[in-house]
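Peer 1: Sequence:
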Amino acid sequence: MRPTDETDARQERKSWSARSIGSRWQHQFFYTLIRLAGRRAAHVLVVFVALYYVLFRPSVRARSRPYLSRRFPGRNGLLRLWDSYRITVEIGQVLVDRAALGILGPGQLTVRHSGREDLLEQVREGRGVILVTAHAGCWQFAIEGLHMLETPVSLLLHREEDDVDLHIFEHRGEDAAFRIIDPAGPLGGALEMLQVLKHGEVLCIMGDRAMGGDRSTVEVAFLGGRVRVPFIPYQLASTTGAPVVVIFPYKSGPGNYSLQVAEVIRVPEDLGRTPEAYRPYAEAFIRALEGFVEERPYQFFNFFDMWNQESIR
Numbered sequence: 042m043r044p045t046d047e048t049d050a051r052q053e054r055k056s057w058s059a060r061s062i063g064s065r066w067q068h069q070f071f072y073t074l075i076r077l078a079g080r081r082a083a084h085v086l087v088v089f090v091a092l093y094y095v096l097f098r099p100s101v102r103a104r105s106r107p108y109l110s111r112r113f114p115g116r117n118g119l120l121r122l123w124d125s126y127r128i129t130v131e132i133g134q135v136l137v138d139r140a141a142l143g144i145l146g147p148g149q150l151t152v153r154h155s156g157r158e159d160l161l162e163q164v165r166e167g168r169g170v171i172l173v174t175a176h177a178g179c180w181q182f183a184i185e186g187l188h189m190l191e192t193p194v195s196l197l198l199h200r201e202e203d204d205v206d207l208h209i210f211e212h213r214g215e216d217a218a219f220r221i222i223d224p225a226g227p228l229g230g231a232l233e234m235l236q237v238l239k240h241g242e243v244l245c246i247m248g249d250r251a252m253g254g255d256r257s258t259v260e261v262a263f264l265g266g267r268v269r270v271p272f273i274p275y276q277l278a279s280t281t282g283a284p285v286v287v288i289f290p291y292k293s294g295p296g297n298y299s300l301q302v303a304e305v306i307r308v309p310e311d312l313g314r315t316p317e318a319y320r321p322y323a324e325a326f327i328r329a330l331e332g333f334v335e336e337r338p339y340q341f342f343n344f345f346d347m348w349n350q351e352s353i354r
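Numbering (this note's numbering), first residue to last: 42 to 354.
Do not rely on the hints blindly, as some may be mistaken.
Claimed, not checked - With a straight-line cut-off of 25 Å between C-alpha atoms, the simulated SDA-like cross-links for lysine to any residue are:
(1) 239 / 307
(2) 239 / 280
(3) 239 / 294
(4) 239 / 304
(5) 239 / 221
(6) 239 / 167
(7) 239 / 165
(8) 239 / 314
(9) 239 / 161
(10) 239 / 156
(11) 239 / 194
Said to hold, decoys possible - Using C-beta positions, here's what the derived DEER-type ranges look like:
(12) 226 / 315: 19 to 27 Å
(13) 324 / 68: 21 to 29 Å
(14) 113 / 228: 37 to 45 Å
(15) 121 / 255: 25 to 33 Å
(16) 89 / 332: 29 to 37 Å
(17) 66 / 151: 28 to 36 Å
(18) 88 / 110: 17 to 25 Å
(19) 221 / 88: 27 to 35 Å
Hints in this document: simulated from the structure, not taken from any laboratory. Please read all numbers here as calculations on a predicted model, not as lab measurements. Glycine is no exception: its CB is placed at the ideal position from the N, C-alpha and C atoms.
Whole structure, please, built from the sequences with the hints as guidance.
Peer 2: Below you can see the structure in the form of structure tokens.
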């Protein structure tokens, strides 16, 4: 196994940013509103804030345009504007719900894990489990709910400096319920990830965005174009024998979230270092993701031009 080189994660140019578009005071305003008036009041405000951003901040429309233009090809100007508004409202309300869960407690929301038994079955195999998800719905809700597996959970996560968007556990003033592995660390966190799986634990990885350059990705078809996605989850599965479980957390209704177990991928052992060996398994993930965005088009929040392959080199 050849882990992503540390310098790739630290130095290679990328055009996407995980940082929130809101300023610190704007976040604090919403957090205070949630404390004083509750989650629903913040939802109402999001409707108007999203309208402002979509009408007067072209950069906000530009962030979602690559995805929306492929999910809804042939839309005219007004419909494109409506799509941008819908997805902006959706992510705004998801972020409000995430903050409310941390600020007001779990009584605010219902999170259903319909795939609980499927996940427990994979954990019982004792070879570790690789959960692969995407920037869809509210992945933080899924991670928070994994205590049901009764095994330690680690998450591959890079946070940018000065990001003012707080996670659930930060609102509570507590330690995270999961261990964070930084892909910008030594060897891209590969050794830490291997140790997690060696101990039969759960590892969570985003399958729709890579930290490094081309060497850590394979090319697959997605929504009529070509994108590059990381193959490290499938390489880890081949090295350790761990199953890959594709999950998508999503908003199923007002105050309700669900976790969908979309696919269980079995990767043969000892496929080696060649990225092409892992293309079929990356394609299986992308097919599951296409099914998700077909059903829930306004809950895919990867605001990054995946189809512009120069942007990840």
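Peer 1: If a hint holds in the structure, say so; if it does not, say that too.
Peer 2: Here is how each hint holds up against the structure:
no.	hint	verdict
1	239 / 307	17 Å, holds
2	239 / 280	10 Å, holds
3	239 / 294	38 Å, violated
4	239 / 304	22 Å, holds
5	239 / 221	17 Å, holds
6	239 / 167	9 Å, holds
7	239 / 165	14 Å, holds
8	239 / 314	19 Å, holds
9	239 / 161	17 Å, holds
10	239 / 156	24 Å, holds
11	239 / 194	13 Å, holds
12	226 / 315: 19 to 27 Å	25 Å, holds
13	324 / 68: 21 to 29 Å	38 Å, violated
14	113 / 228: 37 to 45 Å	40 Å, holds
15	121 / 255: 25 to 33 Å	31 Å, holds
16	89 / 332: 29 to 37 Å	33 Å, holds
17	66 / 151: 28 to 36 Å	31 Å, holds
18	88 / 110: 17 to 25 Å	24 Å, holds
19	221 / 88: 27 to 35 Å	33 Å, holds
Hint compliance for this structure: hints 3, 13 are broken, all remaining hints hold.
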